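Participant: All chains, please: the whole structure from these sequences, using the hints.
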Amino acid sequence: MTTATTAISLMDACCSRCTHSPQTPCAQYLDCRAHGPLCHTDPACTAALNARRDAAMHIATRPIIYVGAGTCGLAAGMDQVIPAMQKALTEHGLDVMVKEVGCFGLCHREPMLDVKKPGRPRVCFDHVDVKKALAIVTRYLVNDEVPADLSMGIIATPDAAPDSPEFALPNLYDLPVLVRQRRIVLQNCGLIDPDALDEYVARGGYGALAKALAAGDNGEMVLNEVLKAGLRGRGGGGFPTGRKWQLTRAQQNTPKYLVCNADEGDPGAFMDRSVLEGDPHRVIEGMLLGALAIGADHGYIYCRAEYPLAIKRLLHSIEELEGRGLLGDNILGSGFSFHLKVKQGAGAFVCGEETALLASIEGKRGMPRVRPPYPAQSGLWGQPTCINNVETFANVAAIVDHGGAAFASVGTERSKGTKVFALTGTIKLGGLVEVPMGMTLREVVFDVGGGILDDRPFKAVQIGGPSGGCLPTAMLDTLVDYDSLIAAGAMMGSGGLVVMDDKTCMVDLARFFMEFIRNESCGKCIPCREGTTRMLEILERIVRPYRDEDTEATLQRFKSVIMLEELAQVIRDTSLCGLGQTAPNPVLSTLRYFRDEYEKHVFERTCPAGACRSLLTFTVNAEKCKGCTLCARNCPAGAIWGASKQTHVIDQAKCVHCGVCMDVCRFDAVLAQ
Amino acid sequence: MADITLTINGKSVTAQQGQTLLQVCRTQGIDIPTLCYLEDLFPSGACRMCVVEVEGARGLVPSCAFPAADGQVVHTHSPRARRARKTIVELLLANHPQECLTCVRSGGCELQTLAQDLGVRERRYEGARREAAIDASSVSLVRDPEKCILCGRCVRVCEEVQGVAAIDFNNRGFQTVIAPACNKSLGGTTCVNCGQCILVCPTGALREQSNLKDVWDAINDPEKIVIAQVAPAIRATIGEEFGMPVGSRVTGRLTAALRRAGFDLVFDTDVAADLTIMEEGSELVHRITTGEEPLPMITSCSPGWVKFIEHFYPEQIDNLSTAKSPHMMLGTVLKTYYAEKQGIDPANMVVVSIMPCTAKKYEASRPEMTDSGYQDVDYVLTTREAARLMKLAGIKFENLPDEAFDPAFGIASGAGVIFGTTGGVMEAALRTAQFLLTAPEGEVPEMVTREMLGHVDFAPVRGLEGVKEATVEMNGLTLKVAAAHGLMNARTLLEQVKAGTSPYHFIEIMGCPGGCIGGGGGPMPTTTEIRKQRAKALYNEDEALMLRASHDNPIIKQLYAEYFGKPLGEKSHHLLHTSYTKRSV
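Sequence order for the protein chains is A and B.
For what it's worth, the numbering used here labels the leading residue of the first sequence as 303, then goes sequentially.
For what it's worth, the numbering used here labels the leading residue of the second sequence as 7, then goes sequentially.
Read the hints as simulated data drawn from the structure, not as lab findings.
Please read all numbers here as calculations on a predicted model, not as lab measurements.
Each residue gets a CB set at the ideal place from its N, CA and C atoms; glycine is no exception.
It is possible that part of the hints are untrue.
According to the in silico footprint, chain A covers these stretches of chain B (three or more CB under 8 angstroms from chain A) [what the hints assert, rightly or not]:
#1 57 to 69
#2 83 to 90
#3 94 to 108
#4 113 to 126
#5 151 to 163
Facilitator: Below you can see the structure in the form of structure tokens.
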């Protein structure tokens, strides 16, 4: 979005000699954006196009303010900063362009805002509230003082004069969180206006498409490069993308469909959302290349409706591409046609499973079906269909641009390229990171992620979403690649990475993920539908208060613990789809690495992490208690006795183990054991 | 199909490319249990009962859907596979009411059998149960969602075989229930009451709305004259309920049993089928010769089908023959002509139709079906209910002597008999249409000899193919006819009518696959093979009868002579014909 008057776009014709339109496509249209005009020589046209290229590269004559307006930035408060700042700009009579950009990935620093003055590097600010925004306007824009104390660093730009005073600030990419990252998928995220096609194109965007169409080989070059690159599916399974494309390409039956799986549903995962919000064209270009490679002329992006901004950006991009003749029939006169639609999903987790996703697109209930036949043979409406994840598509343009070999030079033997992770949990530098495959988990957590909040001890990292696994300290040197993670009892998954400190109870964690999976089971196959419910019940029995338990309930609890593992095995062995087959993973992996913690819960009825409150005994430390009565007043069970300024006592018979007393006590006088 | 060789349970086995592991195993005498599997439909893979171990595969694979391949090594009953199956049954039992002793399906329940066969001896898993109310809103069907194991067979039959899709999965995960959209009650939906869902239900989650008590009470009421009428398909199916082989013809024993159960009179609905043919055949001739009503004319004997067209093709209801279905005709005739003749107060007459059909319960309750001044048919019992009634009455069916129907409506033609199978109504109509077209208009048909009739067998309309068609030359007229069974097949023909491309004069449609011998009120199980055997029994009975065509039936002749005058006459228009209602989807 630009607030100033809409300038003529780089995508527009330079003069009436340019004949490109969707109806009369010009094969050189994209090359012409990069180096044109190509069909005629006219200094005026050259100058005009160069000026537009500069504008698209943010080389402007007035300052630009970039506001992080991804969902994370808006949620952190940017929606309030923008109007306040604009008011200030008006009051100061400043001619400044305000540009909304997507998420840069440093979620722990949101809301973020950058300012770029003409001929200067881009200066980045974090934790921007209204007050700080106004200070930036006054100090940097009005007074031209570099506010070093407010800034977190700079991003160099091609037009920045070497003697700019901003260069005294650190380079943003030298920050520990960024220095070890390698950004392919996230290359443009947070830097460009996601709604501006010309900004993507000016940075080489759709160059891969132009190259692939110019090859005139029906996508064979694209397929070969992707095969050479060794790209594997980023949605979780890690199936080689090139192989999948090959299988679909080999099908004789037409039409064929290409589907982008943007039904990101893992708790704590937001990689795909950020890419779609921050750089939608990268995904669409990947789809165009994929469609060319498999011979599809129709495509769908299946995106959950909970991502309204991503959907808005996608729809805008598709509309703009159609208007420019880059989507639709006979793209750039090549004979290749591709029509793209966005299908909004209702947010069922299971719709991330490919056959359920296809059923949902067809308007049916989102339930998986048996495979074979695989979608490559019989997918959407019974036609050959290829389904890839957002991040997979976002890698393709770079592969075609720089060659599969260059891509394959990053990573490990069987896992190539980079992986985007959403770092969450008790980690210092939470956010979106893109790291080369083959980094160790320790490096991801401690070097890139900055370690554990409050410098508490690391306990475990949950990788691969709810059906991934929990890995302990001893496994921190596991490499981030598909096969190492599987061997360790976890999986790559789509990229959720939840870090936990010593206060996290692994039984409670398994229970949390089990509950998620139980709730998201589609209900079709028996082991998943019935089995996950029973597993959850067993876990709930483990953390249930035991004081009121009768003998039969105790027996039941022990009996069910014995069956927990067997049940988990059967669910894994027999479930219909990947969701069910991996449903027991939270339990199996925590049992594998934290069995002692389960045993403590079951046999000793304690929670070593102190997280399962129902197992704890709350007492008042007489030495610390000041008799303020706050706990007694807040106790929902009326279990706390004590007069004002007298030590309080908790009646264990009445205590419901909610822990409110501990939460409200200002003197740390309530103990939980 | 190329031959492949695989190893199953250590034994080398030859199979054909394209077969599933389940198919191969069944030919090898290996029984792999299934719950959601339905022959002829795309495997659902929901129940996971049929999982087997295939070496090299990641988990266990569902044999119902997994293609057999050359060199495969399969273990169907390895400890791992057996443990999985047993656990699945245990999981189902953990969420199932403990009502086996009182359940309508006890003894015939597939879940019960599996629990027995897999050696489940205790409930190892216990916890929350899905709670859902019984839906008794339909006149024909009762749904008990707590007994439902969500195998989805009913959903697939309703959608894929019947093209109705009245029910589907609602909610998700543990809260999933099968119900009409938005958890509505079945009564107000597009459900056509065909009962095919009951036939495929492995448990007692679906059953007919029982009228057993009503009938039993009527029988025990000395004031009431309780009349049973028996549909054609019953004689070829009810034996199965008493352990007799499929395809046993038990017409005589059935009559004896109903009499001993306390019915005052036992009549044959086949007689009314002959009456239907007279009316419907005349209507066809009338439509063809006058062009007053639209063609093709479509049969209206199958009440599930009638409700289907009312919902899904309401613009085509004028194509339906206005003739009532046979048992409704007989009900009307009994409460008018017969009551008058015998001096019985129709108010004291209770007509009970024994039908292979759950939709007949709905049909009998339709407000249109009161032309006699009373509810023309009081109660409909399905084949299964009739068998229960006999058991209740202490009847040892197998040992009964053969007895004849009561004579007033006891002699039927072979045409009436084959009404019970797909193509039968068409064939019966053709036998008479052939005659009607040659008879002087308006004349009451005289007895004709077999020789005069020419051929009476119309082979092209027989068999279990979904849509059958034939061209018949009659009296210089080329008649194009088609017959379909199963409502998905009916859709094919109706779409042609809708598009204006239907080449037919006359279409027979039966709602259930196979026709009434595959009816939703019939014995369980019902499979394609069983349908064939039952149909064969009806054709054998037809073959054995001297009387082959409806217009030859002396009772019919008497009926027209004494009461109705002629087919499509004023009285028959009033009593033997009906009207239809346009309904929405």
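Participant: Which numbered hints are broken by the structure, listed smallest first?
Facilitator: The structure conflicts with hint 4 only, although it agrees with all the remaining ones.
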